[in-house]
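All chains should be modelled from the sequences, with the hints used to inform the complete structure.
The residues making up each chain are set out below.
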Amino acid sequence: MNSLLLPLAIFVPLIAGTILLAGRCVPTALAKGLAAFAFLFPAVSGILLWYGFDASATADGFNYVTTLPVGIKDLGIALTLGLNGLSAPLFAMAGIVGVAAGIQALSTEVEQPNRYLGLLLFMLSGLLGLFASMDAAFFYFFHEFAFLPTFILMLRWGGHGRYATAVFMAVFLTLGAMISLAGIIYLYNTTGATSFNILKLKEAAATLDATSQSSIFGFLLFGLGTLVSLFPFHSWAPEGYAVAPTPVSMLHAGVLKKFGLFGLIQIGAFILPEGLKAWAPWMLWLGLGNIVLLGLVTMVQRDLKLLVSWSSVAHMGACFLGIAAFASGKVTGLGGVAVMMFAHGLSVALLFVLTQAVFKRTGTFVMADMGGLATKAPVLAALFVAATMASVGLPGFANFWGELTIFASLAHLVKSQPWVLVAALTGIIISAIYGLRAAAAVFFGPESETVKAAPARDIAFGERLAAGVLLVALVAVGFVPSLVTKPVDAALEKFKTAAPAAIVEPAVTAANAE
Amino acid sequence: MFLAEQTAAVAAVPAIYKSLSGTNAWWALTPEILVGFLSLVALVDGMLLKKREAWLTPAMIKFFLLLIAGLSYATLFRGNYIDEPLFGGLIRQHTWFTDVARLFFLTTAFCVTHLITVYLRASRLAHHEYYHLTLVATAAMMLLVQANHFVLFFMALETVAVTMYVLVGYNRNSPASLEAGVKYLVSGALSSALLLAGIVLLYGLGGSSLNPNAASQDMLRFDHLSQFIENTYQSSLLVQAGAILVLGGVAFKIGAFPFNVWIPDVYQGAPSPTAAFLATGSKAAGVFSLVLLTAVEGAPFAGMKDSVVKILIPVTALTLLVGNIPALGQLNVKRLMGLSGISHAGFLLMGVIAAITAETDSAHHLALVAIVTYLFTYLFASTLVFAVITHVAGEDDAGSTVTDYKGLYLRNRLVAYLFAIGVGSLAGIPPTLGFVAKLLILIAAFKAGLFGLLAVAFVCLVMSMYYYLGWLREGFHRLTTETEPKPIVVGIRSRIILTVISITLLLGFAAQFVFKF
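First to last, the sequence lines map onto chains A and B. Last residue of the first sequence: 545 (this note's numbering), numbering continuous. Last residue of the second sequence: 1992 (this note's numbering), numbering continuous.
These are calculated hints, taken from the structure and not from any lab test. Among these hints, one or two may not hold up.
One-sided excerpt, in silico: chain A residues whose CB lies under 8 Å from chain B [as the list claims (entries may be wrong)]: (1) Phe176; (2) Phe182; (3) Thr205; (4) Leu206; (5) Ile210; (6) Tyr217; (7) Trp313; (8) Leu444; (9) Val445.
Footprint (simulated), chain B over chain A, 3 or more residues, beta carbon under 8 Å [said to hold, decoys possible]: (10) 196–204; (11) 265–279.
Pair ranges (Cβ atoms, derived) [what the hints assert, rightly or not]: (12) A:Ile460 x B:Glu1834: 40 to 50 Å; (13) B:Val1964 x A:Val141: 25 to 35 Å; (14) B:Thr1550 x A:Pro100: 54 to 64 Å; (15) B:Thr1878 x A:Ala442: 56 to 66 Å; (16) B:Ala1690 x A:Pro100: 34 to 44 Å; (17) B:Thr1835 x A:Gly64: 40 to 50 Å; (18) B:Thr1878 x A:Pro100: 40 to 50 Å; (19) A:Thr97 x B:Glu1772: 39 to 49 Å; (20) A:Thr97 x B:Leu1885: 55 to 65 Å; (21) A:Gly64 x B:Glu1834: 33 to 43 Å; (22) A:Ile460 x B:Thr1835: 57 to 67 Å; (23) A:Thr98 x B:Thr1835: 24 to 34 Å.
Where is the CB? At the ideal position from N, CA and C, for every residue including glycine.
Take a look at the structure:
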């Protein structure tokens, strides 16, 4: 039954989206009901699948493996779905952010709601497919599948400046996706693999020499790096999120972007360990670029939505540090990245919901015009402060465990490269500064003219529900991090044992020989 | 003495006739004969039918084209190909490849006929001649891909070219169309001259003392020429020059660099159905004949692979670039289709190079499959986009720009949907067939080790995303002005046909069947 749930979770939004897009005559109430069901279904099934994840499964850690009759058999492209320890929590996260985005979308008034919801469901379906796919060619497929609705949603329902930004973003993302596709085909071709299935690719790549591995990894790093907004390929991201309608920003910054990291781990780190080693110093440097340089850029933002967008870009740096730590044998680094991806997806989506709520109260995103909103909207203020704390990485929220583990895994650099730690810690301070400053500027201090003129309404029910879902998930993982770490541990188990074994093995054989 | 010679000559002539008639196999040309017959019926219709009944002609043509295509498709997998020269060496049917190519041209004729119907809806231009000429060109293209002899090759190519001259200038009321016709005529004549010069050069060399078999072989026959070139090409610069001239003539049809200059002007001026026919049919004819000349068994230039590839690689790279770079700033939609079509030609050339350099049978097969899939995809997507262009702009669409598409989704939802699928497929966005076709070409090129070209191709893919999505953006952009959008009316038959094509494009990953060939 569970193996049926996984494809269903992907196809329910797809089918509902098709009905909404095609059916002009579907009455709005029915359409909204259908959309609500289609948003909720993947979240519930994602959580069920995550809960029922069996760490001791065979199939190289993949559960719920199903192969659908889609693809090109002669080239070894087949839509195989399955979740491993890394993707199970992320799949659930995509579902949770999806339901929050759905609530947000359902509670906003837009023109042509049927099509708006339909396109959002298409996007959600692509995102879910992305994390559930076991076929490298379908990674690209689902990425573009999720991206096209994003593009149309931005153009139709986006904010000021959407006209130029949409195409700018499209070119960047396509470039990134193309480069990574080139890397994937390169891998497929060099290893002589008969299938794009990542397990088969892994088998075939086992004998690949270090040079080929490192050149393939280069493609993946820069291709997927562009999708994660790795410094200096980030310039599409902040504008892109700021212009998009809120549910789209939530799904894009929260989930779609994580795919870059996910691919870099599933294909890059797991299949090409030598390549990862060769590029680890680069990842360290560029990740620090995200944390420090883009952190500084975030500090000077004056527009609240842009600030949230920039901060989401800056936070991605920590993940690259974690992957770099994994390259030097610190398996915990990768565990930290997994938690961080999970947590950041939720917290950035939460910030986007609340930013939109602030905009509804004040009619502006400019922070200088706000101030003192806390007296009129105390619940909103409390939620916003909580979200800021979460994204800064305060204990009690899921982000804390991610950042803590990543920085702990970097501790071995304290002698050789202390500046890495210094820079990374500076990054935390920077993120605290801009987060708290934003919260202070919007909610505290004397009431500004705009706030005085604003209607005295606290956060509405829909927004509260959307924010609540995300916050509950953040706090739950914040207090019980093993929810995420257990499956992730299962995926990383073999590296823990394998890494020392590789070092010990020659000695043992030498001893045996004697 | 004299008498003896004469008797010998008289005895020799029937032997040739005997060998000709002995290898005649008219049944093998049934589809071509039927299409030719259909073209005549279209003309007769013009005399017999009243104006009110004019719609019958395209309906009948479409019906019979589907029937012929269906029959060809049904026999496609029959497996008992006669892969040997027929008609005294004029024709050779290369197993599945020829059959798929013929099927492709039948499909093209169907799509173009439909576009003509849409185009001529409210036009005062002569109807039946348009259909007639299209079908004549189709039959010629179908013969072209079976040519095994330069005489047939040239005749077929010229038949296509001459009908195209007329079709490009078909809209006599439009100066743009006439201008395009003249431009196409001049550049087409140049390319025919090049082709002919190349053929003559090769023929002359083959009959010279360079060739030990000169007396017993026909140097216009591909298989005979192939043996000659394989033996001598290293030593003879002239052979290479002849080959380059022939390939130049073919490159004109494909629109490859440096024979790409005519494309934007001609596409812009030509009536939309003709532009679509040039983009799909004519280009495919070029690609198929390039494969026929270089990459199949018994191809004349198969023996000089190395130098052909050496020429084709820079040509392909430049074709990709000269297509994409000017397209970045292009606002006229038909010029955009032309320029992006050059880029698609570059992708097809990449597939051809992969087919030429393939060392194993499976790699060769993959490359040919990739080419065929790409062509079918391009055909369907272009049909949709040109249908949308015609619907948006009407008869005189030479000046139609990207900004005319603003708010298209408000004018007609179906047209906007078809537009998105068509342009999305041209851009290669999943889940469209366009993505699968591009993926196949890229994999074939990877297998052939064309890394330099792949780098150029990836850059070009990103560039193409810019202009295609820029165009798509207009269609889905919110209108800022308050003017009431002018609705577009689409007939019921058009709706059905275009929707079916769009669904075909959407089912990209059901493309498994292409590997059955």
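Verification of the hints:
| no. | hint | in the structure |
| --- | --- | --- |
| 1 | Phe176 | holds, 5 Å |
| 2 | Phe182 | holds, 7 Å |
| 3 | Thr205 | holds, 4 Å |
| 4 | Leu206 | holds, 5 Å |
| 5 | Ile210 | holds, 7 Å |
| 6 | Tyr217 | holds, 7 Å |
| 7 | Trp313 | violated, 20 Å |
| 8 | Leu444 | violated, 36 Å |
| 9 | Val445 | violated, 41 Å |
| 10 | 196–204 | holds (count 4) |
| 11 | 265–279 | violated (count 0) |
| 12 | A:Ile460 x B:Glu1834: 40 to 50 Å | violated, 60 Å |
| 13 | B:Val1964 x A:Val141: 25 to 35 Å | holds, 29 Å |
| 14 | B:Thr1550 x A:Pro100: 54 to 64 Å | violated, 27 Å |
| 15 | B:Thr1878 x A:Ala442: 56 to 66 Å | holds, 58 Å |
| 16 | B:Ala1690 x A:Pro100: 34 to 44 Å | violated, 59 Å |
| 17 | B:Thr1835 x A:Gly64: 40 to 50 Å | violated, 56 Å |
| 18 | B:Thr1878 x A:Pro100: 40 to 50 Å | holds, 43 Å |
| 19 | A:Thr97 x B:Glu1772: 39 to 49 Å | holds, 43 Å |
| 20 | A:Thr97 x B:Leu1885: 55 to 65 Å | violated, 41 Å |
| 21 | A:Gly64 x B:Glu1834: 33 to 43 Å | violated, 59 Å |
| 22 | A:Ile460 x B:Thr1835: 57 to 67 Å | holds, 60 Å |
| 23 | A:Thr98 x B:Thr1835: 24 to 34 Å | holds, 28 Å |
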